[in-house]
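Given the coordinates of chain E, assemble chain W onto it according to the supplied hints.
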Amino acid sequence: MKTFEEKWTAWLDGQLSGRELAKFEASLPDKAAAEVEKADARKLRQLLKQELGARTLTNQEFFSHQVHEKIAQEDAETSESSGRRSATTSTWWTIPRLLWAGTLSLAVFLVCTLFVVHEKTPTEESSYLTQILNARVDPVVSPNATVSMFEVKQDRVTVLWTEGLQSLPADYAAK
Amino acid sequence: MGGVSAYLIPVFALILSATPGLRGAETVWSGLVIAENVAQPQPIPPELTRIEGPLKKFFGYNQFQVIGRSQKTLKTGQEDWLATSKFFGLHVDARGESEAGYVLNLKLYKEKELLLETDAKLSKRSPLVIKGPQIGSGQLLLVLVVE
Chain E
714 MKTFEEKWTA WLDGQLSGRE LAKFEASLPD KAAAEVEKAD ARKLRQLLKQ ELGARTLTNQ
774 EFFSHQVHEK IAQEDAETSE SSGRRSATTS TWWTIPRLLW AGTLSLAVFL VCTLFVVHEK
834 TPTEESSYLT QILNARVDPV VSPNATVSMF EVKQDRVTVL WTEGLQSLPA DYAAK
Chain W
3 MGGVSAYLIP VFALILSATP GLRGAETVWS GLVIAENVAQ PQPIPPELTR IEGPLKKFFG
63 YNQFQVIGRS QKTLKTGQED WLATSKFFGL HVDARGESEA GYVLNLKLYK EKELLLETDA
123 KLSKRSPLVI KGPQIGSGQL LLVLVVE
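Sequence order for the protein chains is E and W. Sequential numbering from 714 applies to the first sequence in the working numbering. Sequential numbering from 3 applies to the second sequence in the working numbering.
Please note: incorrect hints may appear among the correct ones.
[Claimed, not checked] In silico negatives: residues of chain W with every beta carbon more than 12 Å from chain E: (1) Pro45; (2) Glu49; (3) Arg52; (4) Gly79; (5) Asp82; (6) Ser87; (7) Gly140.
[Claimed, not checked] The list that follows gives simulated cross-link-like pairs (lysine-lysine, DSS-like), each with its CA atoms no further than 27 Å apart: (8) E:Lys751 to E:Lys783; (9) E:Lys866 to W:Lys74; (10) W:Lys59 to W:Lys114; (11) W:Lys58 to E:Lys888.
[Said to hold, decoys possible] Sample of chain W residues with no beta-carbon within 12 Å of chain E, all distances over it, derived: (12) Thr29; (13) Lys77; (14) Glu119.
Quick caveat, the hints were computed from the structure, so don't treat them as lab data. Remember, predicted model here, so these are calculated numbers, not experimental data. Positions of the beta carbon are idealized from the N, C-alpha and C atoms, including for glycine.
Okay, chain E solo, but in the shape it has when bound (with noise of 0.2 Å):
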């Protein structure tokens, strides 16, 4: 036995006919206003299948909507990859990274120092042999001796080399 609020429902929605539809519409109080109703229900149900029911894509859409989601996806892969270079990045002035630039930077030193010492070295080259500064013999002693000096810059050796000196025998040889 169904309700009255079922078998409302059934005529709102078309449901009812033959003897039952005929036997509820004449229990209706006021039908006119039951009419209305249930056009008002009608109009109701159409709206909202049109407004929420769900959209089929076209191909069209599909395919566009396939390729944004491809998009999405690479942009996100490459932000993450970036993202991981940048972490290697910040991680480059480890230890042996600072020791070999500190190597580079004496080698780069060293071969200036190198390069200056070297073209120094010519215009210097007389301060590295001896020099004599003066000499003078016994003139009472060695009244002819004279003296003179030569740098053989070759052998980087310095001779003052006398002459006339009185010349002594053998026996001062001894040790």
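Coordinates of chain W only, in the frame set by chain E:
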């Protein structure tokens, strides 16, 4: 840690080897040498080995014998010392140190008689040779070398 040490040691060795002119105490060898020409020359004394060529070339002798010597380590550059043989004495008076070497006053004595006096700036890299008097058939040479 071992890897770092193995890396740092050669680097520091390189730096130290490349650092020029860290001067410490140095020794001056001074000697009285008789140069002669003989039939069978004796080997040259080790102190003279580095100047054997120039000695033979300049003075024309084939044997060099040390008759007196002295080795002095200079710390202040103001030291003095004496190298002597039986009849000769070489007095060396260091009068300061410079970038190039040591300033020395040299006096050669025959017994108590001053034969020769000279002032010289002795370089570490350059020996000094002084030709002295003729002795018999040979020649007295004075040699100073920074070792």
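Practice prompt. Against the earlier hints, flag every one the structure doesn't satisfy and list their numbers going up.
Written response: 3, 6, 7, 8, 10 and 14
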